[in-house]
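Asks: Chain order of the listed sequences is A and B. Counting with my numbering, you get residues 1 to 116 for the letters of the first sequence. Counting with my numbering, you get residues 1001 to 1113 for the letters of the second sequence.
Hints should not be assumed to be uniformly reliable.
Subject to a maximum C-alpha distance of 16 Å in a straight line, what follows is the list of computed EDC-like cross-link-like pairs (lysine to aspartate or glutamate) [said to hold, decoys possible]: (1) B/LYS1041 with A/GLU42; (2) A/LYS103 with B/ASP1070; (3) B/LYS1041 with A/ASP54; (4) B/LYS1040 with A/GLU8; (5) B/LYS1009 with A/GLU42; (6) A/LYS103 with B/GLU1082; (7) A/LYS103 with B/GLU1053; (8) A/LYS103 with B/ASP1085; (9) B/LYS1036 with A/GLU8.
Calculated directly from the structure, the hints in this document are not laboratory data. Remember, it's a predicted structure, so these values are computed and weren't measured experimentally.
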Amino acid sequence: GNSVTQMEGPVTLSEEAFLTINCTYTATGYPSLFWYVQYPGEGLQLLLKATKADDKGSNKGFEATYRKETTSFHLEKGSVQVSDSAVYFCALSPRWGSSNTGKLIFGQGTTLQVKP
Amino acid sequence: DTAVSQTPKYLVTQMGNDKSIKCEQNLGHDTMYWYKQDSKKFLKIMFSYNNKELIINETVPNRFSPKSPDKAHLNLHINSLELGDSAVYFCASSQDGGTGELFFGEGSRLTVL
């Protein structure tokens, strides 16, 4: 079956520290992979995505590379800010042939708290 | 102009009551979803509609009944509310043939007392 596993949180960092949030997946076929971010009291926003192996998604200083050999999509940022404090969700969209199935499967979310 | 909008944002009600949450998207997408986020932030799909047709129903109790009057709207009606229904419900939409990216509303926090 399809599943996503993220590292347990919460993750607490000082401002300007390096961030890694691990994400591994299990999927049949070739899924698209996503990182979504949920700021306090808000809905989910797409942070970045990758649709095929070795693609690198990037946005707002965050990066993640689709690694098929290790079935991973780890999120990284070189220097976090207080405003990055949020819950981060790794997700996959299963794909059959060239079409996405239209269903996102989420990891359990990782809470990031950045202190000044 | 909000792309995916849900109402109400907050809902507090008693056990046994019936309530509805409405969702509208102005992105021209073909598919809409309801997701439930529990107290531990875990997100799980409940339903998916494509052009007003139900395509995903993830073993949700039949007290939950989605309705899609047109492809821009997907409402969720819940009968006989139970304490375990307390959660944040997110509406989302996506475009067919896309990468699978979903656009989410801001959520509706339901509290059952």
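Asks: Could you check the structure against the hints above and give me the numbers of any it violates, in ascending order?
Replies: 2, 3, 6, 8, 9
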